[in-house]
Amino acid sequence: MARVREAFITGIGQSQIGIGLPRDPLLLTVDAVREALADAGLTKEQIDGVATYPGRVTQVPGFSPVGAEDLIDALHLNTRWHLGGGELTSQLGAVAAAADAVRTGQARHVLCFRTVYEAGAMKFPGQKPYVPRGDARVEGPSQWFAPFGALSAVCWVAQYAMRHVVKYGLTREQLAWISLTGRANALKNPRALWHGKPLTLEEYLAGKMIASPLCIFDCDRYSDASTVLIVSAEDALDEVSSIPVRIAASAGCTYRHSWDQVEWMASYPTGRELWKRTDYRPEDVDTVQLYDGFSFLALTWLEALGFCEVGEGGRFIEGGRRIALDGELPLNTFGGQLGAGRLHGFGFAHEAVVQLRGQGGERQIPGDPRVAVATSGGGPLATALLLARD
Amino acid sequence: MGDASAKRPLPHLDDHNRAFWTGGAEGRLYILRCRSCGAFIHPPRPVCGECLSDAVEPEAVAGTGVVDTFTVNHQPWHPALPPPYVIARVALDGVPGVYLTTNIVGCGVDEVAIGDRVRVTFLPCEDVHLPVFEKVRD
Numbered sequence: 001m002a003r004v005r006e007a008f009i010t011g012i013g014q015s016q017i018g019i020g021l022p023r024d025p026l027l028l029t030v031d032a033v034r035e036a037l038a039d040a041g042l043t044k045e046q047i048d049g050v051a052t053y054p055g056r057v058t059q060v061p062g063f064s065p066v067g068a069e070d071l072i073d074a075l076h077l078n079t080r081w082h083l084g085g086g087e088l089t090s091q092l093g094a095v096a097a098a099a100d101a102v103r104t105g106q107a108r109h110v111l112c113f114r115t116v117y118e119a120g121a122m123k124f125p126g127q128k129p130y131v132p133r134g135d136a137r138v139e140g141p142s143q144w145f146a147p148f149g150a151l152s153a154v155c156w157v158a159q160y161a162m163r164h165v166v167k168y169g170l171t172r173e174q175l176a177w178i179s180l181t182g183r184a185n186a187l188k189n190p191r192a193l194w195h196g197k198p199l200t201l202e203e204y205l206a207g208k209m210i211a212s213p214l215c216i217f218d219c220d221r222y223s224d225a226s227t228v229l230i231v232s233a234e235d236a237l238d239e240v241s242s243i244p245v246r247i248a249a250s251a252g253c254t255y256r257h258s259w260d261q262v263e264w265m266a267s268y269p270t271g272r273e274l275w276k277r278t279d280y281r282p283e284d285v286d287t288v289q290l291y292d293g294f295s296f297l298a299l300t301w302l303e304a305l306g307f308c309e310v311g312e313g314g315r316f317i318e319g320g321r322r323i324a325l326d327g328e329l330p331l332n333t334f335g336g337q338l339g340a341g342r343l344h345g346f347g348f349a350h351e352a353v354v355q356l357r358g359q360g361g362e363r364q365i366p367g368d369p370r371v372a373v374a375t376s377g378g379g380p381l382a383t384a385l386l387l388a389r390d
Numbered sequence: 001m002g003d004a005s006a007k008r009p010l011p012h013l014d015d016h017n018r019a020f021w022t023g024g025a026e027g028r029l030y031i032l033r034c035r036s037c038g039a040f041i042h043p044p045r046p047v048c049g050e051c052l053s054d055a056v057e058p059e060a061v062a063g064t065g066v067v068d069t070f071t072v073n074h075q076p077w078h079p080a081l082p083p084p085y086v087i088a089r090v091a092l093d094g095v096p097g098v099y100l101t102t103n104i105v106g107c108g109v110d111e112v113a114i115g116d117r118v119r120v121t122f123l124p125c126e127d128v129h130l131p132v133f134e135k136v137r138d
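Chains as they are written, first to last, in this note's numbering: chain F, 1 to 390; chain W, 1 to 138.
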């Protein structure tokens with residue numbers, strides 16, 4: 001009978017992160033692939049699986065310009081398993097699926113990647129996002145939002161945030177600490193989009209309002225970058241020269257996919273589910289890398305994962321001490337998407353591995369970190385990974 | 001920066017959503033309802049998500065409700081929609097489990113609060129009558 005193996009992240013890589021980079025998005029991807037292969041001590045001939053989210057997307061410029069099959073073809077990979085699709089439990093759902101593939105022996109080393117080129121794509125004319133072209137009518141789920149000017153995810157997330165403001169007393173002075181912490185940590189990450197650009201509480205509070213209570217500093221910025229994670233099977237670890245980090249558990253729950261038909265965002269059931277699949281407890285976690293495409297999503301993840309009670313997120317992060325690099329629960333130590341750029345989910349798992357290996361350099365958290373949580377999404381879709389160096 | 005000649009994004013009409021998007025022509029807000037178990041279905045689909053019956057048909061509902069949550073949108077996303085405007089999620093009276101994303105109109109953007117009583121009004125745009133809501137003042 002076939003044995004179920006453990007799955008490990010054995011290689012990480014990342015391209016430069018920028019706005020309007022002149023480099024082809026496929027080459028940004030290859031930059032990250034090269035770094036991840038070197039990190040793991042593997043060659044491309046040893047890669048037998050590929051996974052990405054959401055696959056190649058042509059309708060939204062730059063959102064996902066490189067698909068799994070593009071990379072397989074371009075790099076002459078010989079794969080036994082691959083996946084590239086958007087109907088997953090959000091970005092890191094591709095990594096969770098890769099873990100299942102190596103656990104069940106369908107592949108030994110799966111190259112997982114997420115490439116974004118949304119800033120670069122906007123440099124070309126006629127590719128303005130959000131404006132339907134011509135007289136084209138809106139179909140599918142967008143029809144329930146677009147006619148009312150709810151044309152960005154911020155319009156939806158802001159409404160959940162407003163409920164926290166009214167129901168639980170969340171203040172902008174509290175919420176600010178997601179952004180301020182990310183920007184502070186970005187100062188210690190040379191690759192971060194906002195490296196060298198500090199943000200103060202006063203600047204945050206004066207920030208242009210986008211959709212109340214969320215201001216410009218609560219929103220990540222379109223970026224160009226690629227992030228790669230190599231997921232390997234337990235019985236293939238002898239081929240790897242890096243420090244492997246185990247994918248100890250994963251979860252991804254969805255009640256309803258319609259943003260406006262659910263009382264609670266998908267982060268909440270997903271956070272609760274994660275702890276049912278492991279013996280680790282929230283108090284064992286040394287650092288959290290929580291999706292912050294909008295700041296409020298990271299706050300909901302803190303509540304959802306049980307680091308504080310539902311509704312207490314604002315008070316939990318207030319003042320920023322607790323979630324600082326040297327605090328009791330360091331958050332988004334690479335800057336998060338608010339500090340490092342819109343890497344779209346994969347940056348959180350990448351950084352969890354950096355920290356658990358002790359390779360954070362100037363931004364390395366103190367002690368001997370062994371357990372981290374990395375998440376993606378949080379709105380209609382959510383994924384949580386529990387990562388352990390055990 | 002509004003553009004008077006620009007049009008709002010409008011839905012593509014099909015057999016499932018037509019009653020919802022055009023009922024305003026007769027002043028009615030239609031939500032699909034299951035004839036078998038009585039559950040309401042939104043967004044409209046040809047099956048009841050509760051009992052899996054496909055005996056679903058539009059039912060006119062009261063058109064009143066409560067602001068469940070909202071945001072004041074300040075960002076110009078579309079030339080036909082100059083900010084600021086209120087985007088809200090309205091819980092409909094007598095339609096358990098259904099929320100509508102909509103706009104609150106007829107008042108200042110700073111006059112909307114969670115819990116406000118609201119009533120539907122329709123904004124005609126070509127063959128579509130967008131259900132938006134205004135505060136009930138009484």
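Note that these hints are calculated values from the structure, not bench results.
Note that this is a predicted model, so its numbers are computed, not measured.
A few of these clues could be false.
To be verified - Pairs of lysine to aspartate or glutamate residues, derived as EDC-like cross-links and limited to a Cα-Cα distance of at most 20 Å, are as follows: (1) W:K135 / W:D54; (2) F:K167 / W:D68; (3) F:K167 / W:E59; (4) W:K7 / F:E139; (5) F:K208 / W:E26; (6) F:K167 / W:D15; (7) F:K167 / W:D54.
Stated by the list, open to error - Listed next, the stretches of chain W that the computed footprint assigns to chain F, with coverage defined by at least 3 CB atoms under 8 Å from CB atoms of chain F: (8) 7 to 18; (9) 50 to 62; (10) 87 to 98; (11) 101 to 114; (12) 124 to 135.
C-beta: ideal position from N, C-alpha, C; glycine also.
> Going through the earlier hints one by one, which of them does the structure break, listed in rising order?
Replying inline: 1, 3, 5, 6, 7 and 9
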